[in-house]
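The primary structure of each chain is shown beneath.
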Amino acid sequence: MGTSALQSSESIAGAVAEFADSEPYRANQGPFVRANPYHRPLDTQRLAAIDWSRRLTEDQFVSDDSLMANRLLMNVYESDALFLPRDGLHGKERAFDAFYSSRNRLLADQVRTTAEDFALGFLEDSVKVTGSWEADATLAHLERTIDEAVNADRPVLRSVETAPENKRAAEMLIAQMALDGLTEATAMSQNLGGAFGPEQSELFKIFIDEFGYGVYAAKHSTLFTDLCASTDMSADAHHYWFFYLPTSIAVNNYFYTVTHNRTGFFRYIGAMALLEATFAPWFGALGKTLRAVYGDSVDLKYCDEHAHIDQHHGRMAVHDLLMPLARKHGPMAARGLIRGVEEIRLLGALADEDLMAQLKWRPTAEKSDLSTVDTKDVVDLTAATPFETRVAERDCAVNVLSGRVDLHWRATGEPLTLTEGEAVRVPGGRLYGVRSEVDTTIAVSDIR
Amino acid sequence: MTRMLRVELSWPEQNTVHVGDDLYFVLAREGTVHLIASTCAHRGGPLHLGEVQEGRLRCPWHGNSFKVDRLCVRGASVVQRGSQVIAYVPAKESAQDEPVVAHALVLAR
Ligand code: FES
Ligand SMILES: [Fe+2]
Ligand SMILES: [Fe+2]
Chain A
1 MGTSALQSSE SIAGAVAEFA DSEPYRANQG PFVRANPYHR PLDTQRLAAI DWSRRLTEDQ
61 FVSDDSLMAN RLLMNVYESD ALFLPRDGLH GKERAFDAFY SSRNRLLADQ VRTTAEDFAL
121 GFLEDSVKVT GSWEADATLA HLERTIDEAV NADRPVLRSV ETAPENKRAA EMLIAQMALD
181 GLTEATAMSQ NLGGAFGPEQ SELFKIFIDE FGYGVYAAKH STLFTDLCAS TDMSADAHHY
241 WFFYLPTSIA VNNYFYTVTH NRTGFFRYIG AMALLEATFA PWFGALGKTL RAVYGDSVDL
301 KYCDEHAHID QHHGRMAVHD LLMPLARKHG PMAARGLIRG VEEIRLLGAL ADEDLMAQLK
361 WRPTAEKSDL STVDTKDVVD LTAATPFETR VAERDCAVNV LSGRVDLHWR ATGEPLTLTE
421 GEAVRVPGGR LYGVRSEVDT TIAVSDIR
Chain B
1 MTRMLRVELS WPEQNTVHVG DDLYFVLARE GTVHLIASTC AHRGGPLHLG EVQEGRLRCP
61 WHGNSFKVDR LCVRGASVVQ RGSQVIAYVP AKESAQDEPV VAHALVLAR
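Those protein sequence lines, which keep their order, are chains A and B.
Per UniProt numbering, the first sequence starts with residue 1, numbered consecutively.
Per UniProt numbering, the second sequence starts with residue 1, numbered consecutively.
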């Protein structure tokens, strides 16, 4: 590595540290971030440990570095979008100013491309698109891919239905969907401006549906809020901040990356077209799953709306947007469009696996094996220790040496309480956090 | 209950009628005026901005298309003498709306 690269990764680390240390990103006491869209905790120490000169590989995509980088990136993007608290700004004026401060916006711009490359750069290695993609090949591949996705099993929905606590499983899925659901079509809005011909108007037509024709009650994000309310979940942006899986955040970040960078436009259209074209049956199936899990009480307008309107959006995105772009702008554009299709397919599959593994994990208290505990792994917790979640790098055990600790691993439902002499196994890749109301000592030991 | 409101248009200078939130537009076929409700039955898209292809008017929002013959048969009651057009459009009994004739951008033809 040349000195200039080294210097730049040092200055990136400095900018990340300053950004993460500012008010909006400070630690939180409890497992939920309550009614404050400007508060998005970032753990400065874990961020400081990241080597920004490399990029995650596909098999490191489910990892703690991935969680941290994706949280950072999401804050970088979302501090460029307007949030106001649902109950008004009273008492949060300072938080508002801090979140949107010029200094933070500058730092966000400094770290953005590096963080994008770190978190999502592996897509360049994992997905290769070469050769000349004429319109016929583009359409053939697109139609086949849509067909496969539409007819595939839906293992995530099966895992929700068959989970022993199926409501909690459904809520973990809904919490992941909230990343996009509560701000729906924000990434799409980033390319409404400019001047790019009839396709700009086609994009706008999809957008007005997403925004409910200017009627707040019909806006897709409002329908999502209604779904949350009917399952007793919070509809405040990022209430479940600590329970987003790294891969879920990454999928959301992907859409910001390819829209924030104009050179990503064709990838965006490819990814968006694939999703729009496959959403209708997916949301139809999701509606059935949620109905089976919750019975009559769940508000399914969000699912019903997408099961209907995305039949249109799929056709519009493919035939009025993607294909005209491919014909008009040639092979480079077509490769970008196909790349977007493949990238979102890969990210979606990785995110599904991650979520299913989280849903499958059923932590249980066992007797602690003290012979595995190393004194260097001992941590003291008090009621004042901030809450954090992390991704276990490898199979490990959380041992309670004294006191009492709550293990959190899902967005809703009771945590698992462990007392002195007990331990819980955490499989590698799983997201968890611990919280204690009393003075407690724990040790996280590897399972060999 | 609906009541019928009488409007007079001088066509083609005037090609639309507004009644409250409803919009009617002139669809002319070989010099014959038809006055059509612009609200798409699907999601309320603006039919007057649609395109006629092979005898069907295509809604610009999601592309549903409607047979022009059917739209014309169901159009508002119209009497036309040259450029003078008299039409009757429905309004809710309770509403105070008066029809307003105007010239607007109409692409459907
Ligand atoms: S509103 Fe006319 S086709 Fe949807
Ligand atoms: Fe939507
Ligand atoms: Fe859509």
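Keep in mind that a hint or two might mislead.
Said to hold, decoys possible - Partial list, computed: chain A residues near chain B (C-beta under 8 Å):
#	residue
1	LYS205
2	HIS220
3	LEU407
Unchecked claim - Label pairs and their calculated CB-CB ranges:
#	chain 1	residue 1	chain 2	residue 2	range
4	B	LYS92	A	ALA27	56 to 62 Å
5	A	ALA137	B	ASP22	45 to 51 Å
6	A	ALA217	B	LEU49	52 to 58 Å
7	B	ALA95	A	GLY433	43 to 49 Å
8	B	TYR88	A	LEU89	38 to 44 Å
9	B	GLU13	A	GLU143	30 to 36 Å
10	B	ALA102	A	SER201	20 to 26 Å
11	B	HIS103	A	LEU84	52 to 58 Å
12	A	HIS308	B	ARG3	30 to 36 Å
These aren't lab readings, by the way, just hints derived from the structure by calculation.
Given the structure is predicted, the values throughout are model-derived calculations rather than measurements.
Just so you know, even glycine gets a beta-carbon here, dropped at the ideal spot from N, CA and C.
Now the hints, each set against the structure:
Given hint, LYS205 of chain A at the interface with chain B, holds; its Cβ is 6 Å from that chain's nearest Cβ, closer than 8 Å. Annotation: interface hint on HIS220 of chain A violated; nearest CB of chain B at approximately 13 Å, more than 8 Å. Hint status for LEU407 of chain A relative to chain B: violated, with the closest Cβ pair at about 47 Å, above 8 Å. Distance hint for LYS92 of chain B and ALA27 of chain A: a CB-CB separation of about 58 Å, consistent with the stated range 56 to 62 Å.
The hinted range of 45 to 51 Å is satisfied by ALA137 of chain A and ASP22 of chain B, whose Cβ atoms lie roughly 47 Å apart. For the pair ALA217 of chain A and LEU49 of chain B, the supplied restraint of 52 to 58 Å is violated, since their beta-carbon distance comes to about 25 Å. The hint said 43 to 49 Å for the Cβ distance between ALA95 of chain B and GLY433 of chain A, and at roughly 58 Å that hint is violated. In this structure, TYR88 of chain B and LEU89 of chain A break the distance hint of 38 to 44 Å, their C-beta atoms being roughly 52 Å apart.
Roughly 48 Å separates the CB atoms of GLU13 of chain B and GLU143 of chain A, a value that falls outside the hinted 30 to 36 Å. The given range of 20 to 26 Å is respected by ALA102 of chain B and SER201 of chain A, whose C-beta atoms sit roughly 24 Å from each other. The hinted range of 52 to 58 Å is not satisfied by HIS103 of chain B and LEU84 of chain A, whose Cβ atoms lie roughly 40 Å apart. The hinted range of 30 to 36 Å is satisfied by HIS308 of chain A and ARG3 of chain B, whose Cβ atoms lie roughly 34 Å apart.
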